[in-house]
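Chain by chain, the residues run as shown.
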Amino acid sequence: MNLEVIRQKIIVRERRVRLLAVALIIAFSMTVLLVIPGMLSAFLIAFVITFIFKPIVNFLERRGLNRTVSVLLPFLISMGLAIALSSAFLPKLSEQMVTLQTEIPVYMANVTEMTKKSSTKLNNAVSQYYKINVFDEATAFLQRSSNQLMANVPNLLSTTLSTLILAPFFAFFMLKDGRSFIHQLLAVVPNNLFELSLNLQFQINQQLGGFVRARILESALVGMIVWLGLLLLGFPYALFLAIFAGITNIIPYIGPLIGAAPAIVIALGNQKSGFVIAVLAAIYVVAQVLDMLLVIPLVVAKIVDLHPVTVVLAIIVGGQIMGILGMIISIPVASILKLTFTEFYHHVVDFRG
Amino acid sequence: MNFLWENIFKRFEKEQSILSVLSKNILFRNLNKRELRFIEKIVHIRKYRAREVIFRQNENGVGMYIIVKGKVDISVIDDILVERSQEKDVVITRLEAGDFFGELSLVEDSGRRSATSIAAEDTVLIGFFKPDLLEILERSPSTGVKVVFRLAEVLGRRLKETTDKITQLKKEIRLVSELQGFHK
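These protein sequence lines map, in sequence, to chains A and B. For the first sequence, position 352 matches number 1743 in my numbering, and the numbering has no gaps at all. For the second sequence, position 120 matches number 122 in my numbering, and the numbering has no gaps at all.
By construction, these hints were calculated from the structure, which means they are not laboratory data. For glycine and all other residues, C-beta sits at the position ideal for the given N, C-alpha and C. Hints are not guaranteed to be accurate.
Derived EDC-like pairs: lysine to aspartate or glutamate, alpha-carbon spacing no greater than 20 Å straight-line [said to hold, decoys possible]:
| id | chain 1 | residue 1 | chain 2 | residue 2 |
| --- | --- | --- | --- | --- |
| 1 | A | K1400 | B | E54 |
| 2 | B | K49 | A | D1696 |
| 3 | B | K148 | B | D166 |
| 4 | B | K71 | B | E54 |
| 5 | A | K1567 | B | E54 |
Covered stretches of chain B, as calculated for chain A (at least 3 residues, CB under 8 Å) [what the hints assert, rightly or not]:
| id | stretch |
| --- | --- |
| 6 | 57–65 |
| 7 | 123–136 |
| 8 | 141–147 |
| 9 | 162–175 |
Some chain B residues judged to face chain A by a derived CB distance under 10 Å, without partners named [stated by the list, open to error]:
| id | residue |
| --- | --- |
| 10 | A52 |
| 11 | E54 |
| 12 | S107 |
| 13 | S112 |
| 14 | R152 |
All chains should be modelled from the sequences, with the hints used to inform the complete structure.
Here's what the structure looks like:
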């Protein structure tokens, strides 16, 4: 009996040591990601690339290529594609951006003119109730925020550049060696939590993969609709605005509004008619409605099993902690937490019943 | 120089043993050398101390184990014994190197373990789980289909054994009731 007690003690101690080792590995990785600037975003983009490429890599592997070649091939092809596409579209895009840059002062002047006109009306209306000058306040606010933006630009550019180089580099190794890394991490997990961890890791992987692919599909759909709509309308900077709308669409709830804002500002600045602005708004609304009617119920809802209230709460908390990046990752993080919690709960509480 | 040679030999032997255990297992028997090497990279090697629980009855199970080295006791909770407040578990069988258990969990949807398994001595197991099977099917469907076919064969054989057992039990029950009728 005594021997039995000693044995069980050794088993329990070994389990604790292994659990501590796993916790330390995870904590260390998280610290590296959060402390080194730009690392988290590079890692997240690498994840996105990994999830997009994974089906292609698996397909190539099924065709009989070995893993390294299967991983290398999509990277080389997409690099070639990126070069080809940018040589085709970049001149147009940069031309659009350059004209936009030269025309922005004109728009600004127009918008200022407009606000001036309306501000006298507005001031008259507001000053009846509050003792503030709306126009001065608004100008000060705009100046403050644009100064901040300009001060951040060099910093933003360097992080973006390092992210753009680091992300594909990480993604390549995630696809090539990610499995063996997880395999080795699982080897450290204590025996009593092993099956649970393996299954949890598998489910999280499935859910994240589905989620990322669904979000990319949404962005592509929104971008395409906006592009087509703006082309049909004969609106300037169609390509640039469509790409912008597609990218901002990944920010939940406020993303679509941010995406539509530049087009509306340009329309106002160009003093387009009310009809054009209405059509413009309609294009963005149609893109969102199609997204809501097709992609969200068919794809996203099946992947993320969260109550709408939980989704909103998660987004608010994410936004409070990490800003826009926090909002983007809040839903997948919330669903991972839910999955982990339920699995552990079932493991610890349920099965003894 | 001797220790170097020993080391290489040992490593070689260890690798051989995992591969040879896999190749002798019914699930992987049809696979060629290349496919076995692929499986070897996917499965998990787990070490258990004597009296360490591998899994408990009613726990969620996601896969099977093959014994590389050591022995494993399979036991079930016996209601009658629990009522008599003796030991809860009754050992129903002891498995040895080369044996495997828990394969039903590979195909069950959130299945529960129907028995408890405990290492009877220091034991090395190969763990093969549902995510691993799905990975094989995704990356190399031809290998995956061979494994799944063998798995179906194993489950079919177990079903047949169970059916035979039930038929025999029914016969025995009929015999007993006939005997009771005869005595009355």
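Exercise for review: Run the structure past the numbered hints and jot down the numbers of the failing ones, going up.
Suggested key: 2, 3, 5, 9 and 14
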